[in-house]
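S.K.: Residue strings, one per chain:
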Amino acid sequence: MLSLTIYISFIGALGIAFLMPAKAPQLSRILALLVAVAGLAVGVAGFIADFHTKGVVILTDKVWVPSMGIHFLLAADGISRTLVLLTGIAAVSGVLFSWNIEHRTNEFFGFFLALIGGVYGVFLSFDLFLLFVFYEIAIVPKYFLIAIWGSTRREYAAMKLALYSFVGSAMVLIGLLASYAESGGHSTGLVALAHAGLPVGFQMGCFPLVFIGFAILAGMWPFHTWAPTGHVAAPTAASMLLAGVVMKLGAYGCLRVGISLFPHGLDPWGFSFLGMGSWRDVFALLAVIGIVYGALVALVQTDFKFVIGYSSVSHMGFVLLGLVTLNQIGMTGAVLQMFSHGIIAGLLFAIVGRIVYERTHTRQLAELEKMHLSRRMPFAAWAFVVAGIASMGLPGFSGFVAELQVLIGAWAVKPWWVAAAGVGIVVGVAYTWRALQKAFFSDAKPSAHELEQEHAHPFAAITWPEVTGVVLLASVSLVVGLYPKVLLDAIEPAVQALLAGVGR
Amino acid sequence: MNYTDLFRATLPETALEVAALLVLLVDLGLLRRCAVKFRTIVAPLLGVVGCGVALLLVLQQGTGGLSFEATHELLLATGGFTAVAQAGVLVLTALTLLLVIDTDFTKHVGEFVAVILMAAAGGLIISAAQDLLVIFVGLELLSLGLYILTAFAKSSGRSAEAAMKYYLFGGMSAAFLLFGFSYLYGLTGSTNLHQILVGLYAPNDAQAGPLLYAAIVMIGAGLGFKVAAVPFHLWAPDAYEGAPAPAAAFIASVSKVASFALLIAITTAGLHVLDGGHSVMGLVADQSSTAPVTHYRGFRIPWSFVLTVFAVASMLLGNLAALAQTSVRRLLAYSAIAHAGYIVLALASFSYSPRSAGAVLYYVLTYGLTTIGAFGVVGVVERATGSDKLDAFSGLHKRNPLLAAVLLVLFLSLAGIPPLVGFWAKFNLFAAVLSVSNDAIWLGLVALAVAMSAVSLYYYLQVLKRAYVLPAVDEAPIRVSPVTMLVLLAIAAGVVFLGIFPAVLQGWIAGFYPGM
Numbered sequence: 001m002l003s004l005t006i007y008i009s010f011i012g013a014l015g016i017a018f019l020m021p022a023k024a025p026q027l028s029r030i031l032a033l034l035v036a037v038a039g040l041a042v043g044v045a046g047f048i049a050d051f052h053t054k055g056v057v058i059l060t061d062k063v064w065v066p067s068m069g070i071h072f073l074l075a076a077d078g079i080s081r082t083l084v085l086l087t088g089i090a091a092v093s094g095v096l097f098s099w100n101i102e103h104r105t106n107e108f109f110g111f112f113l114a115l116i117g118g119v120y121g122v123f124l125s126f127d128l129f130l131l132f133v134f135y136e137i138a139i140v141p142k143y144f145l146i147a148i149w150g151s152t153r154r155e156y157a158a159m160k161l162a163l164y165s166f167v168g169s170a171m172v173l174i175g176l177l178a179s180y181a182e183s184g185g186h187s188t189g190l191v192a193l194a195h196a197g198l199p200v201g202f203q204m205g206c207f208p209l210v211f212i213g214f215a216i217l218a219g220m221w222p223f224h225t226w227a228p229t230g231h232v233a234a235p236t237a238a239s240m241l242l243a244g245v246v247m248k249l250g251a252y253g254c255l256r257v258g259i260s261l262f263p264h265g266l267d268p269w270g271f272s273f274l275g276m277g278s279w280r281d282v283f284a285l286l287a288v289i290g291i292v293y294g295a296l297v298a299l300v301q302t303d304f305k306f307v308i309g310y311s312s313v314s315h316m317g318f319v320l321l322g323l324v325t326l327n328q329i330g331m332t333g334a335v336l337q338m339f340s341h342g343i344i345a346g347l348l349f350a351i352v353g354r355i356v357y358e359r360t361h362t363r364q365l366a367e368l369e370k371m372h373l374s375r376r377m378p379f380a381a382w383a384f385v386v387a388g389i390a391s392m393g394l395p396g397f398s399g400f401v402a403e404l405q406v407l408i409g410a411w412a413v414k415p416w417w418v419a420a421a422g423v424g425i426v427v428g429v430a431y432t433w434r435a436l437q438k439a440f441f442s443d444a445k446p447s448a449h450e451l452e453q454e455h456a457h458p459f460a461a462i463t464w465p466e467v468t469g470v471v472l473l474a475s476v477s478l479v480v481g482l483y484p485k486v487l488l489d490a491i492e493p494a495v496q497a498l499l500a501g502v503g504r
Numbered sequence: 001m002n003y004t005d006l007f008r009a010t011l012p013e014t015a016l017e018v019a020a021l022l023v024l025l026v027d028l029g030l031l032r033r034c035a036v037k038f039r040t041i042v043a044p045l046l047g048v049v050g051c052g053v054a055l056l057l058v059l060q061q062g063t064g065g066l067s068f069e070a071t072h073e074l075l076l077a078t079g080g081f082t083a084v085a086q087a088g089v090l091v092l093t094a095l096t097l098l099l100v101i102d103t104d105f106t107k108h109v110g111e112f113v114a115v116i117l118m119a120a121a122g123g124l125i126i127s128a129a130q131d132l133l134v135i136f137v138g139l140e141l142l143s144l145g146l147y148i149l150t151a152f153a154k155s156s157g158r159s160a161e162a163a164m165k166y167y168l169f170g171g172m173s174a175a176f177l178l179f180g181f182s183y184l185y186g187l188t189g190s191t192n193l194h195q196i197l198v199g200l201y202a203p204n205d206a207q208a209g210p211l212l213y214a215a216i217v218m219i220g221a222g223l224g225f226k227v228a229a230v231p232f233h234l235w236a237p238d239a240y241e242g243a244p245a246p247a248a249a250f251i252a253s254v255s256k257v258a259s260f261a262l263l264i265a266i267t268t269a270g271l272h273v274l275d276g277g278h279s280v281m282g283l284v285a286d287q288s289s290t291a292p293v294t295h296y297r298g299f300r301i302p303w304s305f306v307l308t309v310f311a312v313a314s315m316l317l318g319n320l321a322a323l324a325q326t327s328v329r330r331l332l333a334y335s336a337i338a339h340a341g342y343i344v345l346a347l348a349s350f351s352y353s354p355r356s357a358g359a360v361l362y363y364v365l366t367y368g369l370t371t372i373g374a375f376g377v378v379g380v381v382e383r384a385t386g387s388d389k390l391d392a393f394s395g396l397h398k399r400n401p402l403l404a405a406v407l408l409v410l411f412l413s414l415a416g417i418p419p420l421v422g423f424w425a426k427f428n429l430f431a432a433v434l435s436v437s438n439d440a441i442w443l444g445l446v447a448l449a450v451a452m453s454a455v456s457l458y459y460y461l462q463v464l465k466r467a468y469v470l471p472a473v474d475e476a477p478i479r480v481s482p483v484t485m486l487v488l489l490a491i492a493a494g495v496v497f498l499g500i501f502p503a504v505l506q507g508w509i510a511g512f513y514p515g516m
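Quick mapping for you: the protein sequence lines, in order, are chains A and B.
The numbering of the first sequence is my numbering, which starts it at 1 and goes up by one.
The numbering of the second sequence is my numbering, which starts it at 1 and goes up by one.
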């Protein structure tokens, strides 16, 4: 049933792009919302239906290219189902926050839904070739979404993002071809390749190629630089998708392809270089640097959206750190963090990019400081307070559970990772408060003239799509934070099976 | 081969020649007083019919009936990769002819179509040729046609210049080729590919080595010119830029398919010897000796080396030079050089199994299809704006959304983005390379190819960025005549369809190999 999400999105994309009249944007919007809601509904239904299923559920298995052993194989385990759910929520809220797109509306939703379809496809593919196809399908819509509808240096950011993605996928493709050839060229199925018994040395050589290839899209330091520029330049819905699901594609690839295909890839090298004894040490170090670096850079940004952009780099560091712990609790935390960050980053970008920027037409914190937004836009201010608290990782929201699990998992491997990541958390509190205070709660007293101006030019009222989107995202984060079992029960058995598969 | 066999084997070529003469007769005779517009419709359609008849004959030869066992006296092969390449040549020629219908660069439509058909006949011959002399005759028939086609826009100075460059380079490379052939003949005393390669298998090492090297380099130069491999690519950007759009499409697709079929024939013949094919001919090589085969002994290793050098140089130079282009035609020329690099890489790592030949053919055919479409779009934009510069494509999505969508599909396919056919062709090609050998060297070369195709995305996106992102300077809609639009849509649909169902074409190609 879950495979319907892919078909619905692609058919919706084609339909909106080619069949809808250009003169009636409202119609396209409603149709796009219906498509996104349908995808989410299927995702939720699939999640509930297989809630107690522990293993992998095959959804579709058709021979695609018989001579090369390529199958159109769609399947889902708990991790896939969780991320499909995330994609559905991101799609619905993305459409809601794009309600004000008037320029080339049909094309916008066409590209948007094509991207969503590709993302669903990646999360549900259990054939490496198929996964790669969907992974690359997602690149092109990103480029056009940013280049056509973006802001600040949009062409530069779009090209940078496209090239980073494509270089990453080229690395993955080389790894894919090499493992396919090494295993004898019989099948590209993930399970078949994982059981092909690739030589240990080959795995150690191929693993970093594939892992880094995917991790580029997950924003791993030092390959993260596409993320802040891309997030800032993108239109709101695209930023929400980039941070919300596209970065998760990378992390998911690291997990599903990198770790499960090359179980020996993280083994010790047998020697030590600069204190690094295995790829695991290297990637953990990069993840920790990403956490701290992202947070520190976010602390000094003058552009509101850049703060969120760098915070994404920091939060994705937790995902990568969780993945390389290779233990049950750390990896469960990583998957939960993917979900949680997808929701929270989406909410933050929505508030900054849509609710605030569309009314103030500036994202500079120094200018926002003079606008008294907490008084003039109380809804935005309080929404950001909620989102900020969630982003900081305060208990009660999803981020807390996820990051805590990652840290516990990491502690079991190397306590200093946790100590360093802790610095990132502390700085995270600081940059969130700083942004919150500067943008919304500055204590400058308005002069009489300013009050008059404000009265003469009030901000446009908050619209229903905005309220719906904020409530949807905030409540999901809250529900998962208060009752994480709803996702953990799906994620844990899947992680357990995956770890058993790689012999840990 | 006796004359009856030869006649039967050359039936498709005969059909094309008859069609060419018929076109001349009709255009210059019956329709002499008719409007150019009308003649521009009749002549290409007649040509398409000729291609259709020839295609039927090729398919009939390929799937049964005609086969010749005695390879040592074979002049023309049938079936196998020959049939696939010939069918490709004919289909692509027909598509090119359909794109001629709406053009207005010449009043001499009949001649233009006739020359295209004759060049295509040359393409059919080199796709099938198994003998040095036949190869040379076929190549010249093709090449002379191409020079004329390039020069056909008589009012355009660039067209004349391009043709002159093309002709001079072409003449030189033909001389090289002939020179190399003469060495091969001198070394082995035969003009039959298989006999030559058997003869080369164990020649007198001390004497034959350097001569063989010289011959291989000369032949490499001659054929490298045909496929526009670096360092013999210099003609390509000029010819692509100056030639009339249908002629450029023909050069970029049909001529490529035929030339690569020839390269497959030579490479296969070389392998045939090593893989025991020689015993079929009653010639037994010394296989009992365990001494390692020295590097110049035999054809395969130096040949493979020359091809590898071409491949690496073409991939690097083609992709990097394309980054700097401002003319879309020149961009397509450099991209063609890059694509030739990928294909030559697969030829360098060739195996006797139909897998390698299948992958190369798959790539060439689909690349030819995509390129014809790309030149079709360029031709339309050029006629509307008078320029093929990148900026001429600005705002295309507004001026003609359907044309922009076709451009999007074709260029993304060239860049190798799934689910379009270009991606599958690349994957298939590289997988075939690694299925022969996946040691560090080949893995490195494939990695280079994949990395270079990541570079290529940049310049393809430069065009698409103009078409979709930048605002139009002139927002007047671009009108496309229904026939051209239909052809372009069919090509785009083919690119999408073959990308989503790659097994269709792959199975069709495999169908011509009885062993698979």
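Derived from the structure by calculation, the hints contain no laboratory data.
As the structure is a computational prediction, the values presented were derived from the model and not from experiment.
Hints may be right or wrong, so weigh each one.
For the chain A half of the interface with chain B, some residues (derived, Cβ under 8 Å), not all of them [unchecked claim]:
#1 W64
#2 V65
#3 P66
#4 G69
#5 E136
#6 F144
#7 S151
#8 L163
#9 I174
#10 L177
#11 G185
#12 V300
DSBU-like mimics (lysine-lysine), calculated; alpha carbons at most 30 Å apart, straight line [said to hold, decoys possible]:
#13 K107(B) <-> K23(A)
#14 K107(B) <-> K165(B)
#15 K37(B) <-> K398(B)
#16 K165(B) <-> K160(A)
#17 K370(A) <-> K414(A)
#18 K37(B) <-> K160(A)
Even glycine gets a Cβ: it sits at the ideal position worked out from N, Cα and C.
S.K.: Which of the listed hints are broken here?
M.R.: 4, 7, 12, 13, 16, 17 and 18
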